[in-house]
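Number of protein chains: 2
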Amino acid sequence: MHSEESKLTKIANPSAPIGVFDSGLGGLTVLRALRQRLPQERFVYLGDTARTPYGSKSPETIRRYARECAQFLQRFEVKLLVVACNTVSSWALDELTQESAVPVIGTLDTAVSAVKNLERVERVGIVGTQATISSHSYEQHLIAAGIQAKFFPQACPLFVPLVEQGMYEGEIVEKVIELYLAPLKKEAIDTLILGCTHYPMLAGAIGKFMGEQVRIVESSEAIAAVANQYIGVSAKTTFDGPSERYFVTDDVGRFNALSSLFLEAQPAQRVTLEALAGDANP
Amino acid sequence: MHSEESKLTKIANPSAPIGVFDSGLGGLTVLRALRQRLPQERFVYLGDTARTPYGSKSPETIRRYARECAQFLQRFEVKLLVVACNTVSSWALDELTQESAVPVIGTLDTAVSAVKNLERVERVGIVGTQATISSHSYEQHLIAAGIQAKFFPQACPLFVPLVEQGMYEGEIVEKVIELYLAPLKKEAIDTLILGCTHYPMLAGAIGKFMGEQVRIVESSEAIAAVANQYIGVSAKTTFDGPSERYFVTDDVGRFNALSSLFLEAQPAQRVTLEALAGDANP
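First to last, the sequence lines map onto chains A and B.
For the first sequence, counting from 1, position 107 maps to 107 in this note's numbering; every step adds exactly one.
For the second sequence, counting from 1, position 215 maps to 1215 in this note's numbering; every step adds exactly one.
Keep in mind that the hints were calculated from the coordinates and are not lab data.
The structure presented is a predicted model; accordingly, all values stated were derived computationally and were not measured.
By construction, the Cβ of each residue, glycine as well, lies at the ideal position given by its N, Cα and C atoms.
Please note that a few of the clues may not be correct.
Distance windows between CB atoms, simulated [as the list claims (entries may be wrong)]: (1) A:Gln269 / B:Arg1067: 21 to 31 Å; (2) B:Asn1256 / A:Pro183: 44 to 54 Å; (3) B:Pro1039 / A:Glu122: 37 to 47 Å.
Dumping the calculated DSSO-like pairs for lysine-lysine here, alpha-carbon to alpha-carbon at most 27 Å [claimed, not checked]: (4) A:Lys208 / B:Lys1175; (5) A:Lys175 / B:Lys1116; (6) B:Lys1208 / B:Lys1175.
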């Protein structure tokens, strides 16, 4: 494929790390999938925890924050930029792609690709933050990809607070899931896109409520597969130094405590984005 | 009282507005109490909605943001600075007071004064965000005020998300209240301090769960009373222009939609704090 070829030529430095960012912790579910698929790679993760959550902020503010995150990761000369945040993928992916010298992978397009690979997709539920759902980005991308289905978007603003409290099951989680997903169940959807990187932590409870007949699509696996396509043809190289580095924009304590809920992560280092003041030493 | 005298002399310009700020919308419950008590006054409200919530951020970040909010309001030559945010009142009030040319009123000290005026206070529950509760500021202030009681602090991180979804009652609200407050009920507290400006919106459901024997203390009324002490001796003056102005640091749309849940507010104007770039024209 021509588009694959042109993408692959972009990776100039195979030994460089892969950059991953999110507004906070949710992107760690994407990092987890990436490192399972690509164990030989190095990763730099940035969580903009001082300004999280992005989901309730305006498109303009989201775009500004996204650009600052990308600029920070570019200082590590990353070979791939993974936007592990659905809010940013909804509002700022085109802009980031235009401004980036390396390939940019978002959650949105990869989730759409995963849906495209499914059979008999007719009634698709889409859950996400208020900003993601308001953007209608998923519907637009699904339609652009030629997926002819009826869409049922649903904002679930309490899911992220629940996940960040480590609440993945139990009565309150079940009630909140029922509050948001009962309308989708009633509509007899066949596919449910988890349009927020936090939501995979609730996938068990969501699957239990929706039933086995509903296929749940997470973008983390799809992102890992796309990243693998870029990496696949590159020469494997050895490298020195740590294979993973974590940066956050707020105090590391809370991140380190919560990141263990998502995956076994190295301790994070704190940086300032607003001024790009050089707190981190790439 | 000497301290009262020295405070009152600080108000140099009686016709100036009162400045009120919060990390977001919660402070509107304080503004509501202030304008009921002081209908002849002008108010400037700032909600730092682009960086809300503060409750999950570090003390250092909270102090930086608080200073930027205060600096913004100082451009309106406010005669009083009301910190309508428990997180900021916990972590940054001393600093703000030292740096301010006008009196600074926080939620914390006023709530403590309100408790001091109650009789037979022996078992005091304190609810707030994780940051407020972790700071132990309420216990410290209660002890410093000579209140000899046993304290039962409890972080309630899901309360703010519920309020910001306009969820003040119903099954989920009741379950979440039970999750956090059942331990306090079991401890047979006699007084409950709502240590977050969002929580008055849940006061009905909280009171229903705790029962009539538990006195609920909100700081908004106490703040209005303290502000009235400062204003009381000032010369009354007339003024031109709007009596209330609202500023936010993120898109005004969401603020305007949600502010109607708290009080009848004028439409907000958007400003940038990081650079103090002069978006607002005082």
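Satisfaction of the hinted span 21 to 31 Å by the C-beta atoms belonging to A:Gln269 and B:Arg1067
24 Å, holds
Is it true that the CA of B:Lys1208 sits at most 27 Å from the CA of B:Lys1175?
13 Å, holds
Quick one, are A:Lys208 and B:Lys1175 close enough, alpha carbons at most 27 Å?
20 Å, holds
Starting from the range 37 to 47 Å, see whether the pair B:Pro1039 and A:Glu122 falls in it by beta-carbon distance.
59 Å, violated
Would you mind confirming whether the straight-line C-alpha gap from A:Lys175 to B:Lys1116 stays at or under 27 Å?
39 Å, violated
With 44 to 54 Å as the target window, see if B:Asn1256 and A:Pro183 comply at their CB atoms.
Since B:Asn1256 and A:Pro183 have Cβ atoms about 27 Å apart, the given range 44 to 54 Å is violated.
Checked against the numbered hints above, the structure breaks hints 2, 3, 5 and satisfies the rest.
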